Amino acid sequence: MQPPEISVIMPVYNGALFLDDAIQSILNQTFTDFELIIINDGSVDRTEEIIQSYHDPRIIYVKNPSNLRLIKTLNRGVKMARGKYIARMDADDISLPERFALQRAVFESKPDADIVNINAFYMQENGIYFREQKSTINLGPEAIRHLSVLQNFISHPGVMLKSELLKHYEYCDDESKEHIEDFDLWNRMLKDGCICYTIDKSLLYYRDNNNSINHTQKERQLGRMMALTQSLLQTAYKLEIDPESLKIILGEDRALGYGILNRINRQIDGYFNAVNRSHTLSKAACKEMDAWKKQKIVLLSLRSLPHCNMVEKAQVLAYLIFHLNWFANKQLMKFVGRAAYSKYQKRIATGIPAKNEPELAVI
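So the sequence shown is numbered by my numbering: it starts at 398 and just counts up by one.
FYI, nobody ran anything at the bench for these hints, they're computed from the structure.
Do not rely on the hints blindly, as some may be mistaken.
[As the list claims (entries may be wrong)] Dumping the calculated DSS-like pairs for lysine-lysine here, alpha-carbon to alpha-carbon at most 27 Å:
no. : residue 1 : residue 2
1   : K507      : K680
2   : K460      : K476
3   : K588      : K507
4   : K481      : K469
5   : K564      : K476
6   : K684      : K598
7   : K615      : K574
8   : K690      : K615
9   : K481      : K460
10  : K588      : K635
11  : K469      : K615
12  : K507      : K481
13  : K564      : K481
14  : K481      : K559
15  : K588      : K481
16  : K588      : K476
17  : K690      : K710
18  : K574      : K559
19  : K564      : K507
20  : K693      : K574
21  : K690      : K598
22  : K469      : K574
23  : K588      : K644
24  : K559      : K476
25  : K564      : K588
26  : K710      : K644
27  : K507      : K476
28  : K710      : K615
29  : K615      : K644
30  : K680      : K690
31  : K680      : K598
None of the values given here were measured: they were computed from a predicted structure.
Build out the structure end to end from the sequences listed, making use of the hints.
And the structure:
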């Protein structure tokens, strides 16, 4: 029997609430030469009943004997995959119909591609869309390789990889990598020279599920990301970012003031200098990395505002104006507009009134 071009790996644990939408979005792909490996990881809800209601020959249903958890379940799917490429999919997300066709087209047009990443739309658990993941810059492979230690750019539920590579690297089945298995995988692959391209288009609806690891294990996840990042920086560059700054860079929401923002800026610059001493970076990569740094600081500043007192808010604004010159930078202004608009949209989606706030529009 001829193997399919793409193997789709979808683990599911008690995912009955959104599973139908996820499965249907894969079966509706315009590129049809795939197998959909659905692995039921010991669910006790209607998950099995829903999967067995489908009779599409492309579906391969597997049931774990007990709850093996995500990493073992993913690796089981990787071993089973017969396709030239492996696509990931989560049981609560929705893939747009042209996702596989566009990702495969990148592999066909760029022989050096190892990973094809996508952007995503974010939606509330109830299915209401509130923002798009896209930034105002689309990072190239070189910038992604060096910045991935500071941010997880690759959309795990929307990624497609060369099968032979994922079978070689696999997900690291170690407790220290639980909840950050994708962050660890990308950094191992990119460190070894694997190439990641990102399609500058949103091809997935990512559901902000309140029961997801990003919510239920946020502190543990953040702590493990910090430990991994510090280890990678120490090994590659004999460098350490101070823990307070690194925790904020990796996603901690907290009040920020002038001093903290200035320190974060210096810490990132220190990392960039270390990279420059070890690698010959192209002008394009340097420009993209600098643009990422500015947008990162703007985003951290905006996210911190609800936690800031009036003095701290004034300090944040002063830092953005005098150090990043963001009012004179059209890219940054566009990014600020998107970030502010997405915050407003999330309030609407969750039913929280925007008190005395005008309607915001994307710039």
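Hints and how they fare:
Only pairs whose Cα atoms come within 27 Å are accepted, and K507 paired with K680 is accepted, the gap being roughly 21 Å. For the given pair, K460 sits about 15 Å from K476 by alpha-carbon distance, which is consistent with the 27 Å threshold. Our distance criterion of 27 Å between C-alpha atoms is met by K588 and K507, whose separation comes to about 20 Å. About 21 Å separates the Cα atoms of K481 and K469, which keeps this hinted pair within 27 Å; it holds.
Between K564 and K476 the CA atoms are separated by roughly 7 Å; this keeps the pair inside 27 Å, and the hint holds. Only pairs whose Cα atoms come within 27 Å are accepted, and K684 paired with K598 is accepted, the gap being roughly 21 Å. Straight-line distance between C-alpha atoms of K615 and K574 comes to about 14 Å, which keeps the hinted pair within the 27 Å bound. Pair hint K690 plus K615 holds up; C-alpha atoms about 23 Å apart against a cutoff of 27 Å.
At most 27 Å may separate the alpha-carbon atoms for a hinted pair to count; K481 and K460 meet this at roughly 24 Å. Only pairs whose Cα atoms come within 27 Å are accepted, and K588 paired with K635 is accepted, the gap being roughly 15 Å. The suggested pairing of K469 with K615 holds, with an alpha-carbon distance near 21 Å, which does not exceed 27 Å. Between K507 and K481 the alpha-carbon distance is near 15 Å, which keeps this suggested pair within the 27 Å criterion.
Of the pairs offered as hints, the one joining K564 and K481 holds, with about 11 Å between alpha carbons and a cut-off of 27 Å not exceeded. Note on K481 and K559: the hinted pairing holds, with a Cα-Cα distance of about 6 Å set against a maximum of 27 Å. This hinted pair checks out: K588 and K481 have alpha carbons roughly 23 Å apart, not beyond 27 Å. About 23 Å separates the Cα atoms of K588 and K476, which keeps this hinted pair within 27 Å; it holds.
With a CA separation close to 20 Å, the supplied pair K690 and K710 stays within the 27 Å bound. Annotation: proposed proximity of K574 to K559 holds, straight-line Cα distance about 22 Å (limit 27 Å). For the suggested pair K564 and K507, the alpha carbons sit about 21 Å apart, so the restraint of at most 27 Å is met. Between K693 and K574 the CA atoms are separated by roughly 25 Å; this keeps the pair inside 27 Å, and the hint holds.
The straight-line distance between the Cα atoms of K690 and K598 is roughly 22 Å, inside the 27 Å bound, and the hint therefore holds. Proposed proximity of K469 and K574 is supported: the alpha carbons are some 12 Å apart, at most 27 Å. Straight-line distance between C-alpha atoms of K588 and K644 comes to about 22 Å, which keeps the hinted pair within the 27 Å bound. Restraint check for K559 and K476: the C-alpha separation of about 13 Å stays at or below 27 Å, so the hint holds.
Proximity of K564 to K588 is assessed by CA-CA distance (about 17 Å); at most 27 Å being required, the pair is judged to hold. Annotation: proposed proximity of K710 to K644 holds, straight-line Cα distance about 20 Å (limit 27 Å). With a CA separation close to 26 Å, the supplied pair K507 and K476 stays within the 27 Å bound. For the given pair, K710 sits about 26 Å from K615 by alpha-carbon distance, which is consistent with the 27 Å threshold.
Annotation: proposed proximity of K615 to K644 holds, straight-line Cα distance about 12 Å (limit 27 Å). Of the supplied pair hints, the one linking K680 and K690 holds, its CA atoms being roughly 15 Å apart against a limit of 27 Å. Straight-line distance between C-alpha atoms of K680 and K598 comes to about 24 Å, which keeps the hinted pair within the 27 Å bound.
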